[in-house]
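Q: Note that the protein sequences, when read in sequence, are chains A and B.
Numbering that gives the first Met the number 0 applies: residue 0 is where the first sequence begins, and numbers increase by one.
Numbering that gives the first Met the number 0 applies: residue 0 is where the second sequence begins, and numbers increase by one.
Since the hints were made in silico from the structure, they are not lab data.
Since the model is a prediction, treat every value here as computed from it, not as a measurement.
Ideal Cβ placement from N, Cα and C applies to all residues, glycine included.
Check each hint, because a few of them may be wrong.
Pairs of lysine-lysine, DSBU-like flavour, derived with a Cα cap of 30 Å [what the hints assert, rightly or not]:
#1 A/Lys5 <-> A/Lys156
#2 B/Lys472 <-> A/Lys114
#3 B/Lys1081 <-> A/Lys114
#4 B/Lys1081 <-> A/Lys63
#5 B/Lys86 <-> A/Lys156
Here are the simulated distance ranges between beta carbons [what the hints assert, rightly or not]:
#6 B/Ala1089 <-> A/Ala200: 23 to 33 Å
#7 A/Arg77 <-> B/Pro659: 53 to 63 Å
#8 B/Leu1062 <-> A/Lys69: 47 to 57 Å
#9 B/Leu1062 <-> A/Arg77: 28 to 38 Å
#10 A/Ser42 <-> B/Ile671: 48 to 58 Å
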Amino acid sequence: MSSFVKFENVNKIYRTGDVSHAALRDVSFEVEKGEVCVILGQSGAGKTTLLNILGGMDTLTTGKVTLGDKEISSFNKRELTTFRREDIGFVFQFYNLIPNLTALENVEIVTQMLKEPLPADKVLQSVGLGERLNNFPAQLSGGEQQRVAIARALAKKPKILLCDEPTGALDYETGRQILMLLQEQSRRNGILVVIVTHNSALIQMADRIIRMKSGTVTSVQKNDNALPIEEIEW
Amino acid sequence: MVMRGNSAWSKNNKREIKHTWERYIAIVAIIILGVGFFSGLKVTKTAMVKNLDSYVNEYNMYDYRLLSTLGLTKADVEYFNHQEDIKAEGAITLDIIVDLDKEGEEKGIVLKAHSITDSINKLNILHGRMAEGDNEIVLDSKVFTEDIIGSDILITTDNDEDTIDAFKYDKYTVVGIADAPSYINFDRGTTSIGNGSVYGFAYITEDGFDLDYYTEIMLLMDTKGEVYSDEYEDHIAYKEEPLKEALEVRANLRYEDILVEVNETLAEAEKEYDEGYREYLSEKADAEAELRDAWAKLEDAKEEIEENEEKLKDGDIKLADAEAEYQKGLRDYQEGLTEFENQKADAMATLEASQNELNNKRETVLFAMAQIEESGVLTQYSQLKETISQLEYGLSQMSDENSVEYLTMYEQLNAAKAAVKQIEDRGVIKEYGMLESSLEQLDAGQIELNKGKEEAALKLAEAEKALADGKAKLDFAFKEIEKNKEEIKSGWEALNEGKAEYEKGLIEYQDGKKEAEEAFAEAEEELAKARMELDDARKEVDDIAEPEVFILNRNHNSGYINFDNDSSIVDGIAEVLPIFFFLVAALVCSTTMTRMVDEQRTQIGTLKALGYGNGAITRKYIFYSGSAALIGCVGGFLLGTKFFPIAIWEAYGMLYDFSPIEYVFDIKLAIISLIVSLLCSAGVTYVSCKSELLQMPAALIRPKAPKAGKRVLLERLPFIWKRVSFLHKVSIRNILRYKRRFFMTITGIAGCTALIVAALGIRDSIKNVGNDQFESIMKYDYDILFTEELDSEERESFINTYNEELSEWVFVATDEVEIMDGDILKKTSVIATDDPNITKVIGLHWNGETVSYPTDGKVAISNNLADELDLYKGDRVTISVNPSETVDVEVGGVFENYMGNYLFMTGKTYSDILGKAPAYKNLYAKTDSEDIYSISAAMLKGDKITNVSVTKDVRAMVDNMMSSLDTVIWLVIACAGALGFVVIYNLNNINITERSREIATLKVIGFYQNETGSYIFRETITLTFIGALLGLGLGKLLHMFIMNEIKVEMVSFKEQIFGLSYLIAFLATFLVTFIVNWMLRKKIDRVNMAESLKSVE
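Put together the whole structure using the sequences plus the hints.
A: As structure tokens, then:
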């Protein structure tokens, strides 16, 4: 399988006044389609920056990022937005649901801006929230909120599902369920799932593990024996 | 805990402001607006009143005017001058009709002429100079420009005699134009003369009048307090009673004086009358005597004529007799003559025959004798005889007979005697002797015949003479007759002449008599008139009413009162409008500060945990909003009190422009402003954040439970809700999530829209006055005033002259009456006509429907009159015909009219009500021509035209006046815009900061820039929409309120707001929203997507 996502010598330097700080230094790696990719690193290792760049939320300073035949690094702001809109599904640590919208509406917020989305209610059903469509986020538990968030991301039929510490705010059991859901997306729907985490336990479920430290990729490891979540414990 | 300026605490506070400057500025701005608007409007009245006060004091406007129906005298002035604290001056005021002797200027206008007073009611000369000479005049600056200086004012003959007499000259030269303190605004009042309205005032010197009394006395008192102040009013009121009593006493004194005077005058007149009567009687007697003489003479003449006629007739008869006699005589004479001729012929024939016989005999004798004689014997014989006689004689002569001589001679004698005896003896001598004797016989026969002849001739001559005598007598008689005839003829002629003369004399006499009689009648009539006049005068004198006195203070001066009203309008607006601003300010503060406290709850918790007390933390936020409010208050107060009065004064400049307005610092107002702004900021902050600030630190450090999404009422209406797109749903839910913010925004925006609606509405209502008044009501282009009512011929000729130019024309009668409203009299113009075309030149409408012209016995009244008197169709309106008489008339209709009060009626109604025939002196005319002025100019040159007023001119004036209000309106609109701006900016600002996480999320999800924008702005737009909609309604209410406040006596504004104004207000509000949105879009763009990854605060 050819590489789907490709980082080539990516540098990201933040400048604040005279001080410049390199968040990413000469990062290069490749990820294939349908994989579950875990990016592992401590706080400040540059994994969020990497995620931002991959998700089209931030631009890079030098280097090249491609997704399939799209060169993300050459996109302008609008193209980046379109890219995010059509190709990327985000799952945040704090869910980032719109508090004033019900679960269904939080999904609809994306389905209504796309041409051929998955039906919102179906997606919610698929993540096990068929009964709670009309609940507001405040009425849902953390796991349920994250499921809504995942449903929101999936409804787009994204090429990549980017997850930023998806279990960070959840308890163990709920976290596992969410991770199961994410893995399922990769296995069943062939979506590239990129999970950014500092939790090394998650590497067991990954097809590819990218380790980061101080803005550089320390290793890229392919794991052919990724375990189902049920078998992983931490 | 002590806080020092440079402590970390205060640094933190200052930085707080720096970092959240937008919020801070929002509070400052809203307070500036609120305080500026409030203090500005409030101080405007104070400043205006103060301005008037200094004006009134500078020019010594009177405090009281004392008037008496009988006038007042110098002594009265003296009297009042001697009162404590009072300065009195006599003044004359008279209405006068004048012509301006200048090309293109008005004719037949009424001026209120005043005498110039020295120290009270001083004039403010704007151009030119004060009148010094008695024939100089200073005119009203409000209606005249300085161009008038140098021209003349002519007093027309239209004035009644008394008025003309009251002016020393009939021409006054304009030397200046001025403002007068008793004419503060435009109102110049009305008058009973001319066209009923006073054009302007005029001042001439006291000596320019020719009047021996004052019409009024003006008083200036040592008053305290500003104009309109209670202090002043009380002071004035306190003096009123004693002044009135004194005035009554003075007026009664004058009354008695006048009575004495007029009685004297009357007695004199009575005397004069008596004299006149006596004169009349004597003159009449003389004239009658003269007439009688003349009659007697005429009678004599008549008699004489008759006598002469008799005589002449006798003469005629005699003459006829004489003529007859003469004819007879003539016939007798001719008969006699014929007889005489016959006798004469007979006698002559006889005599002739005798003569002839005699002659024959003589011839025979003579023949015989001739034969003898031829023989010569006779000669010899006679010679011998002669020689004998001679010798005898010689012998007788000789004495000596013996002498020789004697003897010789004797011989000779004897010889001769012998010869003779020889001859004698022959016998011839005897025969001859016989012949001679026959001849002698013949001669005797001849003599006998001659004697017969002579006798016959004598007899004939006698007869002839007798005839001739007869003839002569006849001739004489004839002549006599002819002469008599002549005489009689001329007698007749003379008689006829005499008769004619007599007739003439008679006519003359009759004429004379008639004339005399007429003269007598006239004289009698005159006398009777004089008598009547005298009686009238006597009655009048008896009727001279006890004087009525009036004591008027400034509150009776229309300008003074209107100024109070007008400045109170501003004050009235100041009562309502700032409430919006303060309400919004409070809401802005509340939402801003609540949001701030929410944002900083962690910090607050930390601070509390660090040991800062509740007080210190509360003070921080109170300081934040309070300092913003303080800055706003100072700024707003300075800006508001400085510029509002200037702008509004500018706007009122058309009405009152006596001096530029001065800055007024009102400490009370400043304190109120400060308190209100602090209440709206710090107070509101304290109240709204109290609960939050007083929480335990632990609770504060925990993130605040996110406010649960809530279903709104709308969702229970699925048929609507389903149709709402989810983004709108979220907006709707967001809007309703924060009630306070919702109300802040709605109030602010509604206020903004309402203000614009009201402001534009005022403009519509006012602008409309010009439009409606001059386009749909006064549709005529000209109001032509004739010197007198035209007869039908003149009308026709006028119309024929202008047939081309004019498209419509209606002759109307105009007048002024007063309408009773309880005790108040409302001055109202009357327009009467029977011409049905009136509706083509004057539009009568009510609420878009045409009001028909009233029928006989009914009147149509203008709406402002109807409003004020609360009259409706079918009610009865009471018209005061004169002070003691009123007439009730049915209201046949109410019509829209904006300027002035009007009564429309038919000619019959007019004469029924006013008891006089309507004088159709005015012509309302319309033209289709563009060249309005050349037509009016042409008309003005015509006969009998006093004035042509062009509607366009009036309109321009009104439009000018109205446009001055635009300033205020724009001011309000600007403030409204600012209000909307601050509110929307603040709302958006809060929303953006509050929802930066949502925004970031949406951006991550892939919302395009405009989609993200609209996610936030949709809310603003929706709120703007709701607020603006509410604002439209609120604006209407506000407009109603303001229109009610600014009601002006003579002008009724049509309370209306055009659809366009609503639209403009609506769009303007949206424009403000869009501007804010555009400004804040950048702020949204700046929201970093990384925000979405942050933990919840």
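Q: Each hint should be assessed against the structure and marked as holding or not.
A: The hints, checked one at a time:
Between A/Lys5 and A/Lys156 the alpha-carbon distance is near 21 Å, which keeps this suggested pair within the 30 Å criterion. A distance of roughly 175 Å separates the Cα atoms of B/Lys472 and A/Lys114; the hinted pair therefore is violated under the 30 Å criterion. A distance of roughly 28 Å separates the Cα atoms of B/Lys1081 and A/Lys114; the hinted pair therefore holds under the 30 Å criterion. Simply put, B/Lys1081 and A/Lys63 have alpha-carbon atoms about 29 Å apart, close enough for the 30 Å limit, and the pair holds.
For the hint linking B/Lys86 to A/Lys156, the alpha-carbon distance of about 100 Å lies beyond 30 Å, and the restraint is violated. Taking the beta carbon of each, B/Ala1089 and A/Ala200 are about 26 Å apart, inside 23 to 33 Å as hinted. At about 59 Å, the beta-carbon gap between A/Arg77 and B/Pro659 stays in the expected band of 53 to 63 Å. A hinted range of 47 to 57 Å for the beta carbons of B/Leu1062 and A/Lys69 is consistent with their spacing of about 48 Å.
Judged by the Cβ atoms, the range 28 to 38 Å given for B/Leu1062 and A/Arg77 holds: they are separated by roughly 35 Å. Distance hint check: the CB atoms of A/Ser42 and B/Ile671 are about 57 Å apart, consistent with the given range 48 to 58 Å.
Checked against the numbered hints above, the structure breaks hints 2, 5 and satisfies the rest.
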